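Asker: These are the residues of each chain, in order.
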Amino acid sequence: MNERKVGLRLGFYLLLAPLALWLTLLVLLPQIDMLMLSLRVKVGLRQYVTGPENYMEFFTEPLYWNTFLRTALMSVAATVATLIVAFPVAYYIAKVARGRSKGLLFVLCLIPFWVSELVRTFGWMILLRESGVVSNLLQWSGLSAGPVEMLYNDAAIMVGLVYASLLFMVVPLATTLDSLDDSLIEAGYDLGGNGYTVLRRVVVPHAMPGIVSGCIVVFMLTLGNYLTPTLLGGKHSLWFTEQIYNQFITRFNWEQGAAFGFLLLLLSSVMVWAGLKVSRQSLAGTLG
Amino acid sequence: MIPSIPQPRALKLIYMAYIAVFFVYLAAPLIVVTAFSFNDSMFPSLPWNGFTLDWFVNDTAPRTGLFHDGRILESIWISLVVACLVTLLSVAVGTCNAFLFERHDFPFKELLYLAMLAPLVIPGVILGISILVFSNTLINWLDALFGIEVEALRPGLMLVVLGQFSFIATISTLVIAARLRKFDTTLEEAARNLGASHWRAIRTVTLPYLRPAMIGAGIVALLMSFENFNTTLILVGPDAPLTITMFGRLREGSTPVLNAVSLFLMVVSGGLAVLSLFVQRPENESED
Numbered sequence: 001m002n003e004r005k006v007g008l009r010l011g012f013y014l015l016l017a018p019l020a021l022w023l024t025l026l027v028l029l030p031q032i033d034m035l036m037l038s039l040r041v042k043v044g045l046r047q048y049v050t051g052p053e054n055y056m057e058f059f060t061e062p063l064y065w066n067t068f069l070r071t072a073l074m075s076v077a078a079t080v081a082t083l084i085v086a087f088p089v090a091y092y093i094a095k096v097a098r099g100r101s102k103g104l105l106f107v108l109c110l111i112p113f114w115v116s117e118l119v120r121t122f123g124w125m126i127l128l129r130e131s132g133v134v135s136n137l138l139q140w141s142g143l144s145a146g147p148v149e150m151l152y153n154d155a156a157i158m159v160g161l162v163y164a165s166l167l168f169m170v171v172p173l174a175t176t177l178d179s180l181d182d183s184l185i186e187a188g189y190d191l192g193g194n195g196y197t198v199l200r201r202v203v204v205p206h207a208m209p210g211i212v213s214g215c216i217v218v219f220m221l222t223l224g225n226y227l228t229p230t231l232l233g234g235k236h237s238l239w240f241t242e243q244i245y246n247q248f249i250t251r252f253n254w255e256q257g258a259a260f261g262f263l264l265l266l267l268s269s270v271m272v273w274a275g276l277k278v279s280r281q282s283l284a285g286t287l288g
Numbered sequence: 001m002i003p004s005i006p007q008p009r010a011l012k013l014i015y016m017a018y019i020a021v022f023f024v025y026l027a028a029p030l031i032v033v034t035a036f037s038f039n040d041s042m043f044p045s046l047p048w049n050g051f052t053l054d055w056f057v058n059d060t061a062p063r064t065g066l067f068h069d070g071r072i073l074e075s076i077w078i079s080l081v082v083a084c085l086v087t088l089l090s091v092a093v094g095t096c097n098a099f100l101f102e103r104h105d106f107p108f109k110e111l112l113y114l115a116m117l118a119p120l121v122i123p124g125v126i127l128g129i130s131i132l133v134f135s136n137t138l139i140n141w142l143d144a145l146f147g148i149e150v151e152a153l154r155p156g157l158m159l160v161v162l163g164q165f166s167f168i169a170t171i172s173t174l175v176i177a178a179r180l181r182k183f184d185t186t187l188e189e190a191a192r193n194l195g196a197s198h199w200r201a202i203r204t205v206t207l208p209y210l211r212p213a214m215i216g217a218g219i220v221a222l223l224m225s226f227e228n229f230n231t232t233l234i235l236v237g238p239d240a241p242l243t244i245t246m247f248g249r250l251r252e253g254s255t256p257v258l259n260a261v262s263l264f265l266m267v268v269s270g271g272l273a274v275l276s277l278f279v280q281r282p283e284n285e286s287e288d
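Chains as they are written, first to last, in my numbering: chain A, 1 to 288; chain B, 1 to 288.
Hints in this document: simulated from the structure, not taken from any laboratory. Please note that the accuracy of each hint is not assured.
What the hints assert, rightly or not - Okay, derived cross-link-like pairs now, DSSO-like style, lysine-lysine, Cα gap no bigger than 27 angstroms in a straight line:
| id | chain 1 | residue 1 | chain 2 | residue 2 |
| --- | --- | --- | --- | --- |
| 1 | A | K102 | B | K12 |
| 2 | B | K182 | B | K109 |
| 3 | A | K277 | B | K12 |
| 4 | B | K12 | A | K5 |
| 5 | B | K12 | A | K95 |
| 6 | A | K102 | B | K109 |
Values in this document were obtained by computation on a predicted structure and should not be read as measured data.
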């Protein structure tokens, strides 16, 4: 019996080892190291002191905090837009479609997301550019006299961001809406409610967990997105992940880049935490 | 708004139209990417000059097709190698983690579980830069202490593999743990009663039961690695995986060979999607 216990303990440590190595070496220590680097200030050749200067630089240089604010606000806007676009679709899949078409529509929603984000963004570039499909459609239909450039502006970024996020909204929404019993909706109507009051007082409260987890995931992914804003927004997309990339790779100012990275991580974590608090959900419940 | 509640006809039609428009929006980028890979033109844009297979099979510049474009073929190979390594690592570690969290009780289990989920809420760019910073610290540290230079820790494929693994491992853990949770432990006990050792019972009873989840997690890992951009962009060295090569070409403005690559990617991921549905089919009814 004792031998078995020793075996179990050994087994436990053998199972713990990969997890511990993974989380310590690839997640915990790198994050701590990044934080330390962000607090390091260069005073001379290979001479450094600890100080908040990199963060001061962020607050005193308007370009930096404007980009940060812009990224945050556009991410919120993209999240709200995704919710508005996805909700009717999720509701249709969960409550209106029946039998085979239900499963089919659901799978149709999933398909584009098996395809690389790069390919999807490329598709939007072909659609929106000056010599692109939409521009030609507008000219052909007579709505526009000449070629229209629809790339390289905020609207194009928005279209791309919403597109990239839809799956992460439709799936949790459809899942929670699916568990809403039809009889509750009928009861709402029986009690004299109209479409709007039933939606507001029955459907939306029931779907709240799905709405929150969808919004959290979408916000996080949008904030950290790099491809869509760079390719669809062009040179003036001003996305914060681009700033981080520039500091690291182009300007080789790692200290500044680390400070930016930490600020983005902070914003992302605060929003996730706030979302979970507001909805009284746990991270494990939302992701698992 | 469910079928059992009568609605005005006009409202129903508007709703249907919205759903139709939504699916057009969903499909549009993928359709244009596919269509323009067959366009007989130097640019992936209108006008339509007729059908050609040049962008797949032609072997002379400037109309080099996919199957003769050395750089693209090479980066497909690199992506494949990286993806296989990430998949092996993620499934192995994911399986260990699943056993650890489902079969063992230990102090700080909840905390460790949350830490295991954390890589999913850290933006990919930040995972990338933090690992870059930490590996650089390690290089300096090893150099100062032992006077050795570890080239593998410089930006390159090893860091790309580790960076992708750092968050894909979370996903494979979740997938495999979900299935292990549903395992009837009496089956394992029966094997023990019939004289099998602990390890043998796991190997002959539990692991075969987990196989669909392990294959499913493997396919997801393969796909996520192949398509990963954010983390890879930061950690990449001289050997560029496919997404990085494609990104470079996209910014330069490229011939429709990129559409051919995209179509190739779509076919591959579509195939993998079908494969994963096939593998997980029998038990998937009640999940998710």
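Asker: For every hint, state whether the structure bears it out.
Answerer: Right, here's what the structure says about each hint:
1. Between A/K102 and B/K12, the direct Cα distance comes to roughly 17 angstroms. Compliance with the 27 angstroms bound is thereby established for this hinted pair.
2. Between B/K182 and B/K109 the alpha-carbon distance is near 20 angstroms, which keeps this suggested pair within the 27 angstroms criterion.
3. At most 27 angstroms may separate the alpha-carbon atoms for a hinted pair to count; A/K277 and B/K12 exceed this at roughly 37 angstroms.
4. For a cut-off of 27 angstroms, the pair hint linking B/K12 to A/K5 is broken: about 66 angstroms separates their Cα positions.
5. Taking the CA atoms of B/K12 and A/K95, the gap is about 14 angstroms. The hint holds against a cut of 27 angstroms.
6. A distance of roughly 39 angstroms separates the Cα atoms of A/K102 and B/K109; the hinted pair therefore is violated under the 27 angstroms criterion.
This entry does not satisfy hints 3, 4, 6, going by the numbered hints stated previously.
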